[in-house]
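*Asks:* So the protein sequences, as listed, match chains H and F. Start counting the first sequence at 741; every next residue gets the next number (the numbering used here). Start counting the second sequence at 12; every next residue gets the next number (the numbering used here).
Watch out, some of these pointers could steer you wrong.
[What the hints assert, rightly or not] Simulated pairs of lysine-lysine, DSSO-like, Cα-Cα distance not exceeding 30 Å: (1) 884(H) with 182(F); (2) 75(F) with 893(H); (3) 804(H) with 75(F); (4) 994(H) with 37(F); (5) 884(H) with 37(F); (6) 884(H) with 212(F); (7) 175(F) with 94(F); (8) 90(F) with 119(F); (9) 61(F) with 204(F); (10) 37(F) with 90(F).
Keep in mind the hints are simulated off the structure, nothing from the lab. If you're wondering where the values come from, they're calculated on a predicted model, not measured in any experiment.
So the chains spell out like this:
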Amino acid sequence: MEKIKRFPSIEKTYFVECSGNTGISKKSPPTKNLDDLYGLMSCANWVGVKLSVLLEEAGIDLDKARYVIAEGADGATMARSVPISRAMDDCMVAYMQNGEALRPEQGYPLKLIVPGCEGNINIKWLRRLEVTDTPLFARDEVSKYTDLLGNGKARQATLVMDVKSVVTFPTTGVKLPEKGFYEIRGLAWSGRGKIKAVDVSVDGGRNWKRATLSTDPLSKAFVAFTFPWHWDGSQTVILSRATDEAGLVQPYFKQITDVRGFHSESHNNAIQAWQINTKGEVSNVRV
Amino acid sequence: MYVFKRIVTMTLMCSFSLWASQSVGKYQLAEKISDEALQSWNISVFPDGKNLPEGKGDYHSGKKLYENLCVACHGENGKGGIKLDPYRGAIDTLVKRKGDKLTGEKPKKSIGTYWQYAPLLFDYIRRAMPYQAPKSLSNDEVYALTAYLLAENGIISKKTVISKENLAKVKMPNVNGFICDNRVDTKSVPCMKNCPLPDEKSFNEGVLADETDHLKSDCLVQPNIKFSGE
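With the hints as extra help, turn the sequences into a complete structure.
*Replies:* Have a look at this one:
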């Protein structure tokens, strides 16, 4: 560890999201609240070494290298095959999170960050990196973290977390005390780069207006957004829809399940809808 | 298949006295690790059987181990499974049950219906099982459990002795069941005014799967393996 910390360091902000966050469920409307649906994600400031620096130091042969197998020191010695394109691009081996050493549950002393990619490949308690010309086809890239489609085939190595957003106020558990002005607040992020725009609808998706991004968006990181709203006291549904710099727009749930079916389990980046009733109570609905 | 011996030894958490003191690389911070010191760390087993250790096991010895060590979580004959949390159903069964398939209303994933390569059983059991005491099994015991689960799934006979000589040649039923990530698969046309909703006829949801998408570089490229009987 002492030597790892002597390498040139980088400091970056990246989100980490489990591909099972907001898992695909046939139940309509889903019964879960904000925490249950969106709790498997975070965004942090990371300090560490670029993975490419370590691989070059070890003498990687880029003519032959195709994958870097990253392995954790957890009970299952969990391993994933990181494609060389990502390994040599923006992957980092982090030893600090938010200004302090990684906490044990976050992977102390070392955690691999594969920016924008599903949480599972961000290996905690990193103990070994193996450069190979073939993937490992580890349990967590075959039996798990593959997305079964309606035709019985499964997508494999669906690493990128697609563009997504959620309104965090008002949301489930909140009761608006009276009609009047409220600021709708939320988060947006994309594994393909920066958020370009967030649109909000306060009439169930019929009409949309652009929200304000609270800060300049960073690549593969959360950005907060706000939207001014005057609630007239009637029942309505509010939604947010993000667009990223790759030009991709958050789809509706139906668009996803029409292509993938209901059994792909993960990578649901659908538009989230919250219904507000005349009492100001918020519930989770599907539009 | 050629696997590079080069390992980024700097990331190993423990230090070995066996490490050579010779420094390499631009920053002179990397140290070479000897093949001998590397051996105990080098547990990856690849689809073509590369790095499988010596040893062997069969269905009958595996069955005894299974009934002692595995049955509590995975059920009798690998056809059960405990519930891990209230939000989910039971864990996938290890063994394919009659009629289990990957399509329809309730697809059933198991080793027999879903797993891609036979050596993966050895790799994963050795890494992670039994849950309460991973890495407590000998290589013979891991081979035995591998043989037991392959035989219970009807993939090999109960008489087959499994070792590094034949495990990679066992063809898994779902070996060709996986495809590369072909997202983007939903249309991206942001409507702003008088927009149709998903349950309305005028909603243009358009299916879009772009096979040439740049995510292809994430794909796990399948190795060419000659299976038994091919």
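*Asks:* Run every hint past the structure and note whether it holds.
*Replies:* Consistency of the hints with the structure:
Our distance criterion of 30 Å between C-alpha atoms is met by residue 884(H) and residue 182(F), whose separation comes to about 20 Å. Between the alpha carbons of residue 75(F) and residue 893(H) the distance comes to roughly 34 Å, so the proposed pair goes past 30 Å and is violated. Distance restraint check for residue 804(H) and residue 75(F): the Cα-Cα separation of roughly 43 Å exceeds the 30 Å cut-off, and the hinted pair is therefore not satisfied. The suggested pairing of residue 994(H) with residue 37(F) is violated, with an alpha-carbon distance near 52 Å, which exceeds 30 Å.
Taken as a hint, the residue 884(H) and residue 37(F) pair is broken in the structure, with Cα atoms around 38 Å apart against an allowance of 30 Å. Restraint check for residue 884(H) and residue 212(F): the C-alpha separation of about 36 Å exceeds 30 Å, so the hint is violated. Distance hint between residue 175(F) and residue 94(F) is unfulfilled; the C-alpha atoms sit about 34 Å from each other, more than 30 Å. Note on residue 90(F) and residue 119(F): the hinted pairing holds, with a Cα-Cα distance of about 11 Å set against a maximum of 30 Å.
Distance restraint check for residue 61(F) and residue 204(F): the Cα-Cα separation of roughly 59 Å exceeds the 30 Å cut-off, and the hinted pair is therefore not satisfied. A hinted pair counts as satisfied when its Cα atoms are at most 30 Å apart, and residue 37(F) with residue 90(F) does not qualify at roughly 54 Å.
The structure is inconsistent with the numbered hints 2, 3, 4, 5, 6, 7, 9 and 10, although it conforms to all the rest.
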